[in-house]
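Sequences and hints are given; from them, build the entire structure.
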Amino acid sequence: MCAALVSAPLALAQDATEAALEKYRRMLKDDPWSNPGLLDADRGEELWKTKLTACDLGKGPGKVEGAFAELPRFFADADRVMDAETRILWCLEKTGFNVAAFLRSPHPAGGQPVKEVGAIATYVASKSSGMKFAAPTAHPKEKEAVALGDALFNRRAGPFDFSCTTCHASDGARIRLQGLPLLIEPAAARKVIGEWPGYRVSNAHVMTMQHRLLDCYWQMRQDRLVFGSDASVALTSYLVANAKGGEISAPSIKR
Amino acid sequence: MNRISSYLVVAGVLVAAACTLGERKMTVAPELIDAALKGGWAASTPEWLARHTQDETMRLCTQYNNEPPKAVAATIEASARASIKYPADGKLIGDWRQGERLAQSGYGMRFTDYPARNPTGGNCYACHQLSEAEVSYGTLGPSLLGYGKIKDFTAEAIKATYEKIYNSHAVLPCSNMPRLGANGVLTPEQIRDAVALLMSRDSPVNK
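Which chain is which? The protein sequence lines are G and B, in order. This note's numbering applies: residue 378 is where the first sequence begins, and numbers increase by one. This note's numbering applies: residue -16 is where the second sequence begins, and numbers increase by one.
One thing to keep in mind: the hints can contain errors.
Claimed, not checked - Here chain G is said to cover these stretches of chain B; the calculated rule only asks that three of the stretch's residues, wherever they fall, bring their Cβ under 8 Å from a Cβ of chain G: (1) 12 to 18; (2) 97 to 111; (3) 118 to 130; (4) 157 to 170.
To be verified - With a cut-off of at most 30 Å between alpha-carbon atoms, the simulated DSS-like pairs for lysine-lysine come out as follows: (5) K568(G) / K8(B); (6) K621(G) / K8(B); (7) K471(G) / K428(G); (8) K518(G) / K8(B); (9) K492(G) / K21(B); (10) K621(G) / K21(B); (11) K520(G) / K21(B); (12) K8(B) / K520(G).
Unchecked claim - Calculated from the model, a selection of chain G residues having no Cβ within reach of chain B, i.e. all distances over 12 Å: (13) K426; (14) A431; (15) E447.
None of these hints come from the bench; they were simulated from the model. This structure is a prediction, so every number in the text was calculated from the model and none was measured. Ideal Cβ placement from N, Cα and C applies to all residues, glycine included.
Here it is as structure tokens:
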């Protein structure tokens, strides 16, 4: 496979996080309701029902069931492609939500619960759990978003010369002890992309895809990715296109 | 797998990778990429914007999926060679203890690292195995355990190691290893400390 640059045997060494993850996995097997991410999904449901019953995620106002499986998509009313989180924020803005304040700090610090938008996204994603990714690609803007995401994914820049492919184009490689998921291969992408939003044990909160991307740019020594920007949506469009047909299992438990 | 054979495996994989994905098909207009990049970043200071501008090497490596054809590779290699600066006193081997410290440290240049509270690290362990003692190492790069011993601690190898760390593309155009010296991540003095870590007889790398 041309994509595999360097592979080495995975060391057996496991860090404390892996052990904690194992514990969570066992707990989940005994009791699927012990996933802490479900509390956030519940909080998100409350918020949705009090604020967003008019919000159209693509399947009609207020309709949540199965909507996440068909995102990102083009929205004529906003004249752009949006992922779940971006769309939720767009809907919240119509209710007087302070978007500027939110954008200054859209993600929780370690141990803090996921913020409102993330909680709603967790709820929305959970309502597509068990379904398969089927984001539409008929609209030219949807095609363009996937192509743009592909270009950004491969674009090397910054003081470390990183692109997403530096870390996500070889199978079985690690940064320190963290396994790096292969995201350019549909078979591999289908396994992990549907796990977001997920409860991340090492951060002790639910992490959404927008947050995940921000964290990767942090490691890349590039700038803070603007929540809901075209670049952020395009990367998600690209990842979801790669994961097409993969099952959604959100909220999951991540390391 | 012993060290020597793991080096061979790595070399083999690199050769296999030369089956080439070829040039990237441009499916989006460059203006669209530029616009997305402009709207994508929170800070808009000239320093941060400069990070998102590609230099010629980044541009070519992106265009050719990191597998540049011969002529392009030669250009990249030549410009990488020309970028290399040596410490003023010409000494290419420093203090391996400092080298170990910077190999461990991933601090620096991330958007939460300003103003800097620590020196910028080289983050070598993120990608390389270097010593028996450190089990938390990454595998994006080859194992460097026993590196100096394998290279016989020669003066040529010391110079080559310095140059590799200063600008990895001088040895392998479109390498995935950051150009730590050329990009201003590490100073020449820090790089020679990293060289010492790899090339000193008493360093944990060669135990």
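Tested hints:
no.: 1; hint: 12 to 18; verdict: holds (count 3)
no.: 2; hint: 97 to 111; verdict: holds (count 3)
no.: 3; hint: 118 to 130; verdict: holds (count 9)
no.: 4; hint: 157 to 170; verdict: holds (count 6)
no.: 5; hint: K568(G) / K8(B); verdict: 27 Å, holds
no.: 6; hint: K621(G) / K8(B); verdict: 22 Å, holds
no.: 7; hint: K471(G) / K428(G); verdict: 10 Å, holds
no.: 8; hint: K518(G) / K8(B); verdict: 18 Å, holds
no.: 9; hint: K492(G) / K21(B); verdict: 26 Å, holds
no.: 10; hint: K621(G) / K21(B); verdict: 29 Å, holds
no.: 11; hint: K520(G) / K21(B); verdict: 20 Å, holds
no.: 12; hint: K8(B) / K520(G); verdict: 15 Å, holds
no.: 13; hint: K426; verdict: 32 Å, holds
no.: 14; hint: A431; verdict: 27 Å, holds
no.: 15; hint: E447; verdict: 23 Å, holds
This entry satisfies every hint, going by the numbered hints stated previously.
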